[in-house]
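Undergrad: Going line by line, the protein sequences match chains Z and S.
Mapping the first sequence onto our numbering, position 60 (from 1) lands on 60, and the numbers just tick up by one.
Mapping the second sequence onto our numbering, position 378 (from 1) lands on 378, and the numbers just tick up by one.
Because the hints were derived from the structure by calculation, they are not lab data.
Keep in mind that a hint or two might mislead.
Selected chain S positions facing chain Z (in silico; Cβ < 8 Å) [stated by the list, open to error]:
hint	residue
1	Leu165
2	Phe210
3	Met226
4	Leu413
5	Val417
Simulated restraints, written as ranges between beta carbons of each label pair [as the list claims (entries may be wrong)]:
hint	chain 1	residue 1	chain 2	residue 2	range
6	S	Glu198	Z	Arg660	43 to 53 Å
7	S	Ala167	Z	Arg660	30 to 40 Å
8	S	Val350	Z	Ala689	42 to 52 Å
We treat Cβ as the ideally placed atom computed from N, Cα and C, and that holds for glycine.
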Amino acid sequence: MYQAIVLLPLLGAILAGIIAIAGARARHPGGSPAPGAENHADNAHAGGHGAGASALHADIAHASSHHAADGHGHAAEPPAQGSRAAELITSTLLVISAILSWIAFVRIGFQQEDMRVALFPWIVSGELQVDWALRIDSLTAVMLVVVTTVSALVHIYSIGYMAEDPHRPRFFAYLSLFTFAMLALVTSDNLAQLFFGWEGVGLASYLLIGFWYQRPSANAAAIKAFIVNRVGDFGFALGIFALFALTSSINFDAVFAEGPVLANKTMHFLSWEASALTLVCILLFMGAMGKSAQFLLHTWLPDAMEGPTPVSALIHAATMVTAGVFMVARLSPLFEYSPTALAVVTFFGATTAFFAATVGLVQNDIKRIIAYSTCSQLGYMFVAMGVGAYSVGMFHLFTHAFFKALLFLGSGSVILAMHHEQDIRLMGGLKDKIPVTYWMMVIGTLALTGFPLTAGYFSKDAIIEAAYAGKNPMAVYGFGLTLIAAALTSFYSWRLVFKTFHGAPHDRHHYEHAKESPAVMLVPLALLAVGSLAAGLMFRDIFTGHGVAEFFRDSLKFAEGNHVLEDMHHVPTFVALLPTVMMLIGFAVAYDFYLRRPEAPVRLAEQHALLYRFLLNKWYFDELYEVLFVRPALRLGRLLWKGGDGYVIDGFGPDGVSARVIDVTRGVVRLQTGYLYHYAFAMLIGVAALITWFMFGGAH
Amino acid sequence: MNPATLPPLVPALPELMLALGAMALLMFGVFRGPRFVHVISGLAIALLLLAAVMVVYLPGGTLTTFGGSFVVDDFARFMKVLALVGSAAAIALSTDYFDSLREQRFEYPILIVLSTIGMMMLISAADLIALYLGLETMSLVLYVLAAIHRTSVRSSEAGLKYFVLGALSSGMLLYGASLVYGFTGTVSFSGIARATAEQTSMGLLFGLVFLFAGFCFKVSAVPFHMWTPDVYEGAPTPVTAFFASAPKVAGIAMFIRGAIDAFPDIAPQWQQIVGFVAIASMLLGSFAAIGQRNFKRLMAYSSIGHMGFALIGLAAGTEEGVRGVLIYTAIYVAMTLGTFAVILSMRRKVGYVEDIGDLSGLARTHPALAFFLAVLLFSLAGIPPLAGFFAKFYVFLAAIKAGLYALAVIGVLASVVAAYYYLAIVKIMYFDEAGEGFEPMSAELKVVLGLAGLINLLFFVYPSPLLETATSAARSLF
Numbered sequence: 001m002y003q004a005i006v007l008l009p010l011l012g013a014i015l016a017g018i019i020a021i022a023g024a025r026a027r028h029p030g031g032s033p034a035p036g037a038e039n040h041a042d043n044a045h046a047g048g049h050g051a052g053a054s055a056l057h058a059d060i061a062h063a064s065s066h067h068a069a070d071g072h073g074h075a076a077e078p079p080a081q082g083s084r085a086a087e088l089i090t091s092t093l094l095v096i097s098a099i100l101s102w103i104a105f106v107r108i109g110f111q112q113e114d115m116r117v118a119l120f121p122w123i124v125s126g127e128l129q130v131d132w133a134l135r136i137d138s139l140t141a142v143m144l145v146v147v148t149t150v151s152a153l154v155h156i157y158s159i160g161y162m163a164e165d166p167h168r169p170r171f172f173a174y175l176s177l178f179t180f181a182m183l184a185l186v187t188s189d190n191l192a193q194l195f196f197g198w199e200g201v202g203l204a205s206y207l208l209i210g211f212w213y214q215r216p217s218a219n220a221a222a223i224k225a226f227i228v229n230r231v232g233d234f235g236f237a238l239g240i241f242a243l244f245a246l247t248s249s250i251n252f253d254a255v256f257a258e259g260p261v262l263a264n265k266t267m268h269f270l271s272w273e274a275s276a277l278t279l280v281c282i283l284l285f286m287g288a289m290g291k292s293a294q295f296l297l298h299t300w301l302p303d304a305m306e307g308p309t310p311v312s313a314l315i316h317a318a319t320m321v322t323a324g325v326f327m328v329a330r331l332s333p334l335f336e337y338s339p340t341a342l343a344v345v346t347f348f349g350a351t352t353a354f355f356a357a358t359v360g361l362v363q364n365d366i367k368r369i370i371a372y373s374t375c376s377q378l379g380y381m382f383v384a385m386g387v388g389a390y391s392v393g394m395f396h397l398f399t400h401a402f403f404k405a406l407l408f409l410g411s412g413s414v415i416l417a418m419h420h421e422q423d424i425r426l427m428g429g430l431k432d433k434i435p436v437t438y439w440m441m442v443i444g445t446l447a448l449t450g451f452p453l454t455a456g457y458f459s460k461d462a463i464i465e466a467a468y469a470g471k472n473p474m475a476v477y478g479f480g481l482t483l484i485a486a487a488l489t490s491f492y493s494w495r496l497v498f499k500t501f502h503g504a505p506h507d508r509h510h511y512e513h514a515k516e517s518p519a520v521m522l523v524p525l526a527l528l529a530v531g532s533l534a535a536g537l538m539f540r541d542i543f544t545g546h547g548v549a550e551f552f553r554d555s556l557k558f559a560e561g562n563h564v565l566e567d568m569h570h571v572p573t574f575v576a577l578l579p580t581v582m583m584l585i586g587f588a589v590a591y592d593f594y595l596r597r598p599e600a601p602v603r604l605a606e607q608h609a610l611l612y613r614f615l616l617n618k619w620y621f622d623e624l625y626e627v628l629f630v631r632p633a634l635r636l637g638r639l640l641w642k643g644g645d646g647y648v649i650d651g652f653g654p655d656g657v658s659a660r661v662i663d664v665t666r667g668v669v670r671l672q673t674g675y676l677y678h679y680a681f682a683m684l685i686g687v688a689a690l691i692t693w694f695m696f697g698g699a700h
Numbered sequence: 001m002n003p004a005t006l007p008p009l010v011p012a013l014p015e016l017m018l019a020l021g022a023m024a025l026l027m028f029g030v031f032r033g034p035r036f037v038h039v040i041s042g043l044a045i046a047l048l049l050l051a052a053v054m055v056v057y058l059p060g061g062t063l064t065t066f067g068g069s070f071v072v073d074d075f076a077r078f079m080k081v082l083a084l085v086g087s088a089a090a091i092a093l094s095t096d097y098f099d100s101l102r103e104q105r106f107e108y109p110i111l112i113v114l115s116t117i118g119m120m121m122l123i124s125a126a127d128l129i130a131l132y133l134g135l136e137t138m139s140l141v142l143y144v145l146a147a148i149h150r151t152s153v154r155s156s157e158a159g160l161k162y163f164v165l166g167a168l169s170s171g172m173l174l175y176g177a178s179l180v181y182g183f184t185g186t187v188s189f190s191g192i193a194r195a196t197a198e199q200t201s202m203g204l205l206f207g208l209v210f211l212f213a214g215f216c217f218k219v220s221a222v223p224f225h226m227w228t229p230d231v232y233e234g235a236p237t238p239v240t241a242f243f244a245s246a247p248k249v250a251g252i253a254m255f256i257r258g259a260i261d262a263f264p265d266i267a268p269q270w271q272q273i274v275g276f277v278a279i280a281s282m283l284l285g286s287f288a289a290i291g292q293r294n295f296k297r298l299m300a301y302s303s304i305g306h307m308g309f310a311l312i313g314l315a316a317g318t319e320e321g322v323r324g325v326l327i328y329t330a331i332y333v334a335m336t337l338g339t340f341a342v343i344l345s346m347r348r349k350v351g352y353v354e355d356i357g358d359l360s361g362l363a364r365t366h367p368a369l370a371f372f373l374a375v376l377l378f379s380l381a382g383i384p385p386l387a388g389f390f391a392k393f394y395v396f397l398a399a400i401k402a403g404l405y406a407l408a409v410i411g412v413l414a415s416v417v418a419a420y421y422y423l424a425i426v427k428i429m430y431f432d433e434a435g436e437g438f439e440p441m442s443a444e445l446k447v448v449l450g451l452a453g454l455i456n457l458l459f460f461v462y463p464s465p466l467l468e469t470a471t472s473a474a475r476s477l478f
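With these hints in hand, go ahead and build the complete structure from the sequences.
TA: Following this line, the structure appears as structure tokens:
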């Protein structure tokens, strides 16, 4: 059964891939499609980015004038053959996989059937022994449910959303490939397999962000996502190497057994002695920061919204970006013994939660607002991990998957209704035009902001409480920032809803033509809405309550002195009420600004122009990285290209040698004058030279 | 002369047979007129091949006659067969050419036969006088052949240049021979060897240098090569093909026997000369050929370069080195004759063309021809598994074993440069726009080209006959 859960999506990916390739062959017999043939007017707006070299600052141009054309005008091209077949195959397989996952969830979580399914040996080299195996425990089960459910719903939703796209087989192949990689990641039994899944989802993410490859901005965003993730993965790989150097194994069981021992070891790193475990954990956390778009490595996530909206929902909200959180939870037997590493995790989580929320306040692109929201919520999860409340973090991961996917898919529905308009300043008053979407978005927003009894209420408030109860030095910092971020979250979420659905329409043309999305898109929304409302109440006990120990058992490690789960239930009442109060404040301000006095925010922005621009430009991170990394890298590249390769290697290598050969040839040929006396002279010179040689040099 | 002291004639039987046959053919041609050119050519080829068979079936071992000045050993047999086959092929290559130019001359095959007699004397020569006789017998014919197109300015110029420079080189050779005689008191190689073993003097070295200058001229080694490009380009193409094959064999044979037999004890001295000449020839042959557009001129530089490579083996001065030279020479003859067969088939309606640009797109107009030329060119460039690679391999191997690393390294580098112009022709044939096609090839050209191509292509499959005969030939000198 577990093999089926993991491998069915792979089967779907392969079948859809074959259909895509066959379709491409049929359409372009004898070669690749002409690049110009599928290009559209939207290149003009992206032209400002210049070439791919500016990948890392692709979103600068978006900040003010983003007008991305999600799936624009592909209707001109006939759809690929077998599109319907590809959709049905992949969706059906995913639904089966999802159903099996729920069965697995019940069996593992409540009937306690942990197991390890060994498939086959993978790498055997000296001390390194890596098997391909499925590690099935409660942590895995939670992830299986999240991944397959959201993925199945996104597959179904995409049938409607991508209906006009000519490349559907390719799209569905990528989606299923992603799902397979993600499942490989969550079922991994060792770090190598984890890394395989890690890179697999990275690849799928790259492919899907750049799905509309005719659009330069999409390519730039895809490259940016890939490169920024390289930075994190570098740390991740170093962490794996260090762990192998210390324990001679990268299998989870063997490594975890060494956890307490490693805490007292030190190792030599970059000329200083560091605590071995802290070093390993921080290096591994670097990988998590990249994948989960944490502060400093977050810049790729907003740009990733260049991909189709279902992709944003699946990969860049519900599943892939939570891989970092999952990884910390999976490695809790290591992190638990390194207070320093946990403090670092808390610090970055809290900072991200606050930072992303502030940026989200002023964005105008509907998908970017939700993207920053995702970034911020991931920060929350890491705060929970950092204070040792791993199950609470997993709880937020679980609920967040539902309501964030709901918000993304809902915004996709809005975008479709607005004919690929994504700027919320041009929307307004849509609630009467697309009521179902409106209510879905409201449910998602309620859950996100933590309205009592919704999913977010239980998970997010639990994180804030855990931060208050946490013992590590950064816990207070985490508590403060997550609390402020709760108000900010409420503000930007309601701002989005009010500007999109309330007030007067700003673009009458689009407004008039707006119509509700088809059922194939609304049904997944409804299912997600149910999850957003109910998931918190249903599962609160096993994630935050007394069921934790029984449900998670050995999959999460709580050290002797870690009582945070207990303590968080005994925080003062005001602490428990504060998040709700913050949520209400945020709602009230948003209501005031965008429904009662719409001119107020404009005035406020003018009064604090500096702050407004700072936030609008996302704390100038892209510009900073541009100056610090991108330009020096380009300069270095140019130096090595022009100076190293062009001048030195070509100059002294192929080009130089051939030029000298030609010079020599010219000289030698000139000797051949055609005059007899020259020839005779050469012979005599030759004889004279040889004789001279024997007279003065070589004779013995 | 007392009949009782009449020297045994058996060792010289092939030469005698050729000489008599040449006279008979001459009479036949003179009295029955030029209508029988083809018959005479055929008979000449038959005569040469018959001589080759006789050489092979002479009594085994080392035979000497004429007072020790004429030696038939395995070395001589090997080189003679090579020269005879080369000459026969050169006659075969010529018929179609002279026919199409309406310049048939019955003297041509007869002159080649006479020249071949000179080569065979040269190959067997064991003293300086016999050597000079053979050399002049061969060379005088070559001068005439270069100018055989009396009406062509280029041909006459080539003949004249060759003659003047050849006379100069003969003078040097004679001067060297007289110095050697003066300082050793003998003209026989074994006597010179004995004398130099006892003592050497600067005068003897002077003689050595002049003597070797004459040798170098015949194998067109730098700096005595200057005649080669002009004569190759100016002479009629079949004559060039002949120049590039059989006389080179004889020249190499003379060079080896002269160096190894006559001066074994001052080997370090002549090794310096040969080493220098080899390096200079390889480099010049490689570099200068890049600038050529004329295929014949290119082949001239190519043969200069190849002689440089062959001389590496001689520079090693060992039995293995000599064996390398012999293998090299044999394969060189096959490569060169095949390539000239292609040049001789470069005929359009307007006449013969010689520019390498005329080969453009040959792969589309004449795929088989292009394939064989490509094989030959790859072989000339020394690319495995073709024969040319093994030719170079054995001389380089000998050089390495003799400790001549610098020579081997320079040789390899030079062959890299040389590969450029061979491959450039392949590129022109296979990747450039197809030009006007050539006239169909004659049967003789096809036979020569096919044989040469197959030898080069399949040598690696069954190399032992050549390797074994070359081994025994080299052993007979030491």
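Undergrad: Against each hint, give a clear statement of whether it holds in the structure.
TA: Hint-by-hint comparison with the structure:
no. : hint                               : result
1   : Leu165                             : holds (6 Å)
2   : Phe210                             : holds (7 Å)
3   : Met226                             : holds (4 Å)
4   : Leu413                             : violated (11 Å)
5   : Val417                             : holds (6 Å)
6   : Glu198(S) to Arg660(Z): 43 to 53 Å : holds (49 Å)
7   : Ala167(S) to Arg660(Z): 30 to 40 Å : holds (38 Å)
8   : Val350(S) to Ala689(Z): 42 to 52 Å : holds (46 Å)
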